[in-house]
Structures are given as C-alpha cells and as structure tokens.
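Taking the hints into account, I'd like the entire structure generated from these sequences.
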Amino acid sequence: MKSFDYVRPATVREAVAAAAEPGAAYLAAGTNLLDLMKAGVTRPNLLVDITHLRDLYHVEDLADGSVRIGALVRNADLAHDRKFARRFPAVAEALLSGASAQLRNAATVGGNLVQRTRCAYFYDVASACNKRSPGAGCDARGGDNRLHAILGWSQSCIATHPSDFCIPLAALDAVVEVEGRAGRREIPLELFHRLPGDAPDRENMLEPGEMIVAVRLPAEAARFAAHARYLKVRERTSYAFAVVSAAAALRFEAGAIADARLALGGVAMKPWRAREAEQILIGAPAAASLFRRAAETALAEAKPSGDNAYKIELARRVVVRALTLAAAGTPERMPALPGSPFAAVSGVVNHG
Amino acid sequence: MGFSTTLTVNGVKRTLELDDPRVTLLDLLRERLELTGTKKGCDRGQCGACTVIVDGRRINSCLALAISHDGADVLTIEGVTRGDRLHPVQEAFIAHDGLQCGFCTPGQIMSAVGLIHEGHAGDDPERVREGMSGNLCRCGAYQGITEAVLEAQKALEAASRKEVA
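Protein chains in written order, with my numbering: chain A, 1 to 352; chain B, 353 to 517.
In case anyone wonders, no lab produced these hints; they're calculated from the structure.
Treat the hints loosely; a few may be bogus.
Only pairs whose alpha carbons sit at most 25 Å apart, straight line, appear in this in silico SDA-like list of lysine to any residue [claimed, not checked]: (1) 2(A) / 407(B); (2) 38(A) / 370(B); (3) 2(A) / 373(B).
Given the structure is predicted, the values throughout are model-derived calculations rather than measurements.
Written out as structure tokens, the structure is:
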C-alpha cells in the first residue's frame with residue numbers, strides 16, 4: 001500500500017476543506033477503500049477520516065414525512081431499524097442481501113454509493129482498464145465477462161455497479177445530499193451514478209472534494225411498504241454480488257396497480273430504473289402476462305457485452321419474479337435468506 | 353510523523369504510537385500486541401478469519417485502519433474465556449466438531465459471539481448459516497459450526513435466564 005497522510009477533522013466543514021487537496025480521499029469504514037488501496041488500484045495521498053463526525057450517524061424523520069439517513073449510518077443498523085424497515089422493507093432486504101454480517105456492521109450508507117465496480121480487470125493492476133487508467137484499453141472486452149453489463153455499457157467499459165442498496169433507492173426516488181466547498185446541494189440518486197461513455201473513470205456526479213452527508217427517502221416511498229421486495233440472483237446462496245437483481249414496489253387500489261416502481265441491479269454501471277416498464281404496470285391488475293410485458297420493456301435496449309447474453313433473459317425472469325413477490329405482499333418477517341430466489345413465492349398471484 | 357492511538361483490548365487500555373497510518377487493526381493486534389489468536393487469511397475481507405468485536409459489533413479487522421478506531425473497545429479470541437473456563441461458544445465448537453484444521457476457528461467463534469449478541473438468527477439453522485456466511489471454512493466443518501452456534505445460543509440463553517431468576 002502506498003503511504004499516505006492522515007487527518008481526522010472534527011466537523012463536516014473541516015473535512016471538506018481538508019479534502020480539497022489533490023489526491024485526498026474520504027475514509028469511512030474503509031471496507032472497499034482499504035481493499036482497493038491494498039491492491040494498488042486506489043492510491044490516495046491523504047485520507048480524511050470522517051468516522052468521528054457523530055452528526056452523520058442518525059436516521060431522522062423530517063416534518064414532511066421523508067426520512068434522512070446520515071452518510072455514516074452502518075448498513076446493519078439501517079436494515080435492523082424496525083421503524084425504517086417497516087416503512088421501506090425493500091431497502092432493508094437489499095441491505096441484508098449484501099456482503100457479510102461483518103461487512104454490514106462496518107460499511108456505511110455513503111460508502112455504499114461510491115463503492116467501486118468488482119470487475120476483476122479493474123482490480124488487477126496488471127490488466128488494461130480504462131476506468132483505472134483512462135485510455136489504457138479494456139481487458140474485460142475479450143476476457144471473462146459473463147457477469148458484465150447488458151445495459152448502458154460502452155466500447156470503453158462494460159463493468160457493472162455492485163450495490164444492492166442503491167437499487168431500491170433508485171426505484172423509490174431517493175435523493176443524495178452532498179457538501180462541498182461551494183456549500184450543500186442535492187442530487188437525485190437516479191442521476192448520481194454516470195454511465196461509462198468515453199469517460200469510465202468518472203463514476204458519479206460528485207465534484208472533487210465533495211462529500212456525501214445524507215441520503216433521503218421521500219414520504220411517497222413509504223406508500224409501497226405493503227408490496228415491496230428485492231430479489232437477487234447470485235452465484236452462491238449468500239455473500240456474493242448480484243448477477244442480476246431487481247427492486248419491485250407496487251401500490252394497489254381497488255384490485256389494480258395504482259403505482260409501480262422497478263429498478264434493476266447487476267446490469268449496468270448504475271442502478272437501472274425501468275420507468276417505461278412502470279408505466280405498463282400502472283392501471284392493470286397483477287398478472288403473470290402483465291409482468292412479462294413489463295420485463296420485456298425493461299430489457300428492450302439490452303445487448304450482451306460479451307459472454308453474457310444469458311443475463312438478458314435472466315434479468316427478464318428476475319423482474320417477473322420480483323413483481324410477483326411484490327404483488328404477493330411484503331412478508332411479515334424478513335426472510336431467512338433476504339432477497340434469495342430460493343424462498344417460495346407465496347400469495348394469490350402464484351396460484352392465479 | 354507519529355500517530356497516537358488508544359484502544360481497550362480485552363478490557364486492558366493500551367496507548368500505542370503508530371509511526372505509519374497504514375497499520376490495520378489486524379496487524380496491530382498480531383504484530384504489536386502479540387495477540388496472534390486473530391488470524392490473517394485473505395487480508396481482503398473475504399474469509400472472516402480476522403473477525404473481532406469492536407464496540408460490540410463483529411467486523412473484519414483486516415479492513416479496519418487501527419488509527420481510525422482510536423478510542424474503540426476491542427474483544428479478541430484471547431478475551432472471551434472466563435478465567436480458566438472456555439466461553440460457551442468455544443465449548444460448543446469442541447462438542448460439535450465445528451473445526452478440523454482450526455485456522456478459521458477464532459474468526460468463526462468471534463463471529464458466532466457477535467451473531468448471538470445481535471439476536472436476529474433465533475433457533476433457525478438457515479438464519480444461522482446466513483449470519484455466518486462471512487466466515488469461510490476450507491475444511492468444510494459448516495454443519496458442526498451451525499450446530500455449535502445453535503447450542504451455544506441455547507446455553508447462553510439458559511445462563512441469562514438463570515441470572516435474571
């Protein structure tokens with residue numbers, strides 16, 4: 001690991017001032033950053049340790065019914081916050097489907113948003129990677145790319161964003177609060193991550209030195225609580241990144257879908273909100289054929305980026321199943337295997 | 353430039369001068385404090401051999417910078433015994449053959465102590481397996497590990513009921 005300087009600011013303002021130095025990086029739990037530094041992928045000159053900023057550890061209910069989650073709230077704490085999980089069950093399920101218990105005990109809300117892709121060629125400094133070294137080329141294109149992107153990829157990069165948490169956040173119109181030297185601003189989560197285009201090294205809309213201070217879920221997002229699920233297909237039952245995942249949230253009125261939210265994970269370099277598919281669902285009663293049409297629409301633009309054409313049909317089926325699970329209703333208790341396709345689908349839709 | 357860090361490790365307060373901020377909590381425990389019960393497996397947060405309990409929560413000590421945990425309370429495998437008596441989780445691992453080579457065992461035990469303390473798994477083996485998925489065992493002693501965690505949890509519950517009564 002390259003050597004670095006270390007500072008521990010006492011306020012957000014001090015942190016932002018310290019991080020203005022070129023080559024600075026914020027340190028939260030470090031569960032991804034330290035790993036990247038050990039691999040030599042990320043080589044900061046200065047770590048600005050924000051873990052002692054106590055104000056960023058709160059989950060607050062705001063007057064307008066929205067919920068504000070501090071950037072340093074640990075994944076496990078948020079997922080096991082009963083009040084939060086009751087209002088946003090798909091978010092809790094996504095969090096608990098990710099990583100391991102040890103990592104969830106450490107990893108933070110803000111860190112989750114800015115974690116890097118797990119593309120093996122990005123991690124291997126001996127491989128060509130346009131994300132790590134702009135202009136170097138992309139060894140993933142001719143390499144082992146079964147798990148790579150099927151939506152929004154470019155000639156320069158076919159990596160995917162690894163987050164589970166961000167998928168329901170994108171579906172539920174979450175907003176990211178960031179602070180920089182120019183003050184505080186807000187970015188809708190759906191627009192926070194960038195597709196690779198010809199600049200895959202730029203992964204999000206943060207300006208240099210800007211820091212995530214909170215993520216907010218609007219009051220409207222809680223209206224899906226009775227029918228909200230996260231489904232994640234992995235290569236092993238637990239402790240693996242998504243091959244494909246989906247967050248599905250429905251609201252019913254008089255037997256028909258009054259509102260619908262759908263986002264996919266593991267398919268692109270950002271959480272993939274499927275707005276056209278949502279429009280197909282709205283106004284119709286839940287039915288397998290309807291869900292299949294929504295899935296076809298969500299994947300209409302999908303193209304294999306390598307040996308991963310299978311992911312397109314897999315993603316359609318994950319969408320159908322996530323919608324089926326959501327229509328059947330949010331379970332009373334968090335499933336033993338959160339987000340797992342091995343759990344039985346229960347409820348009327350399965351039998352109808 | 354030196355960095356001073358104070359940690360309470362297994363109940364003993366320790367102040368350490370670090371000449372380099374790169375030291376992980378794992379390396380500090382093993383190399384500076386000679387607490388070599390905590391193992392270095394992958395050193396990348398993938399195997400769980402380095403699991404310790406920090407401020408009541410199980411974490412991977414290989415992905416924690418020691419300097420960032422200034423002021424923390426750390427419990428390692430060396431700190432779980434009660435005098436000469438093994439911790440109920442240790443006893444259960446022996447009783448159920450929850451190990452073969454033993455390299456992953458300190459991490460497994462610390463993870464199990466953390467899991468029982470978290471209290472989300474109950475008596476459901478599926479929830480125990482899910483909750484222990486951050487600890488790999490190359491010898492494949494998983495069945496014994498799951499049985500040991502379930503039994504240790506029962507033993508700890510019975511003990512706490514006795515205390516209350």
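* **Distance restraint between residue 2(A) and residue 373(B), which requires alpha-carbon spacing of 25 Å or less** => 11 Å, holds
* Is residue 38(A) within 25 Å of residue 370(B), Cα to Cα? -> 19 Å, holds
* Asked: Going straight from one Cα to the other, do residue 2(A) and residue 407(B) come out at no more than 25 Å?
  -> 29 Å, violated
The structure fails hint 1 only (numbered hints given earlier).
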